[in-house]
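Asks: Given next are the chains, with one letter for each unit.
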Amino acid sequence: MKSQLSLHERIRNANASQEVEKVKARHTYLHGRADATGEWADIWSRDPNCSWAHIFGRMRGFDQVWYGSVAQYDKMSFENAIELMNIYPETAGKDPRPLMEASVHTLVTDIIEVAEDGMSARGSFITPGVIHSTLTTDQKKYCNVLWERYGSDFVYEDGKWKYLHEQVCPDILSRMDCLNWAAEEYARITAPEEKEAPPVTLGEAPPVTDPGPLHLPYSVLGKPQNTVPWPEPYHTLDDENTYTSFVKPQE
Amino acid sequence: MANSRQYTDEELIQRVWDVEEIKKLIHKRVIYIANEMRKEELNDLWVQDPEHKKTASFGRNTGYYTGMDAIYDYYVVHHQNEREEQLKKLHAANPAIADIPQNLHIGCLSSHPVSTGLVELAGDGKTAKGLWYAIAQETEAQPDGTGKALWMPEKIAVDFVKENDDWKIWHIVVSTDLVSEAGEDYSEQEVYHNYETNPVDVEFGTPTIAKLIHNTDFNWWDNYPPMPEAYETFSDAVSYGPEGYVRPALYGLDSKEGRNFR
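For the record, the sequence lines run as chains A and B.
Position one of the first sequence corresponds to residue 1 (the working numbering), numbered consecutively onward.
Position one of the second sequence corresponds to residue 1 (the working numbering), numbered consecutively onward.
If you're looking for bench data, these hints aren't it; they were derived computationally from the structure.
Treat the hints with care, as some may be off.
Below, a sample of chain B positions facing chain A; criterion: calculated Cβ distance under 7 Å [unchecked claim]: (1) 9; (2) 17; (3) 19; (4) 174; (5) 185; (6) 205; (7) 209; (8) 212; (9) 219; (10) 243.
In this text, a Cβ means the ideal position worked out from N, Cα and C, and glycines have one as well.
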């Protein structure tokens, strides 16, 4: 698409692209400390159209996203911390959230498009990340590798760039350097008693509006899924240009 | 907050340009490291202004080297000595590898590719702060002819300052989260961080300011180095140098403490 933007608009959008990069990176570093409050209170829009999606489906609306991504996530870290204090008393009194794990979704391969109207931006990313923790309830440290794709929409609100939509698409997950995701998947689907077992997800799914699965991790029986294609140049955020349709499936 | 300021188009494109220049600078550092060009890195990418050189710092989890002279001794001279020792051992085990300067760094490859860049340019445009994450690896030849490959994911936090229109590295903190040998099960390592055997800590030695600034036993709980936030002008309070380090409030107990309760 040939850009019709003026020089002023191009400068504005070049700056916006960098600002969106920063919002996305802030997500990574906040999530690395399991600081869900920091993410959803500071860098997310509270627009009723905001959404967050993973394998299990899509949460829609800020309250549903907050419940699933903050309240339930914090609960998990608090339960971990209570158990941890019995084994490692020195953890008492420390913020329980980062004690759970450092989930570091590094960002590469970003393709960011800022709308011609300058009021939204869309980005696709790949995250070849690591998830590690030292003091754990089974008294073994761990480091996993997790590769995912992201499709992210951002909006410009009150002079700041904020997240509006996020779709997370896990592709591979395994323990760093001692297991093999392809072999694990083959073992899963060929184990007679596990044949119908669903793929690994994030455990118990939170309430969602759009049920999943929306994207499946690697399988020896699966094909690559272009669930969050890169954004194309666009004029304004609408149903043709979004990672979450503004129309709910049941409507 | 810097991002609340209104900039003219000319000011704004200069700011966009500066951020891209800073990204290139930190990417070049990655290549310098991969090419074993530490001396050139300090000469080309780091501060040259005498006042900035005095206050430059290089931090890791166990403290900071301060001043370019101390940084040079650690980062270039000590490293060179280690590499010369390594070559002597390689030569002793395999005389076909001659102990000559041209063979220095044989069997060594260090890659610290950065991702997840977060650059905050000061409102006044004179300094900038950046944070990156690298899933890094360092590989070294061993005297028995094998190689030892280590994964070392790390945060890299940097203060930049503009000198004569060029961006330069002023303070850096390379905070390694873990070290794990490639192909080995990391979960089989002893649980607590071992400062006596961890290769990053051993290599860093005893810095100018020796103190634990990031305890990996508690994951990222201590939040050091922190994300850069928008700021108007540089001050000690926002520095990634030792003057900007703040121990977490209510630190409580340290690793392995509090066990005698039975």
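Asks: Run through the hints listed earlier and report the numbers of any the structure violates, in increasing order.
Replies: 2, 4, 6, 7, 8 and 10
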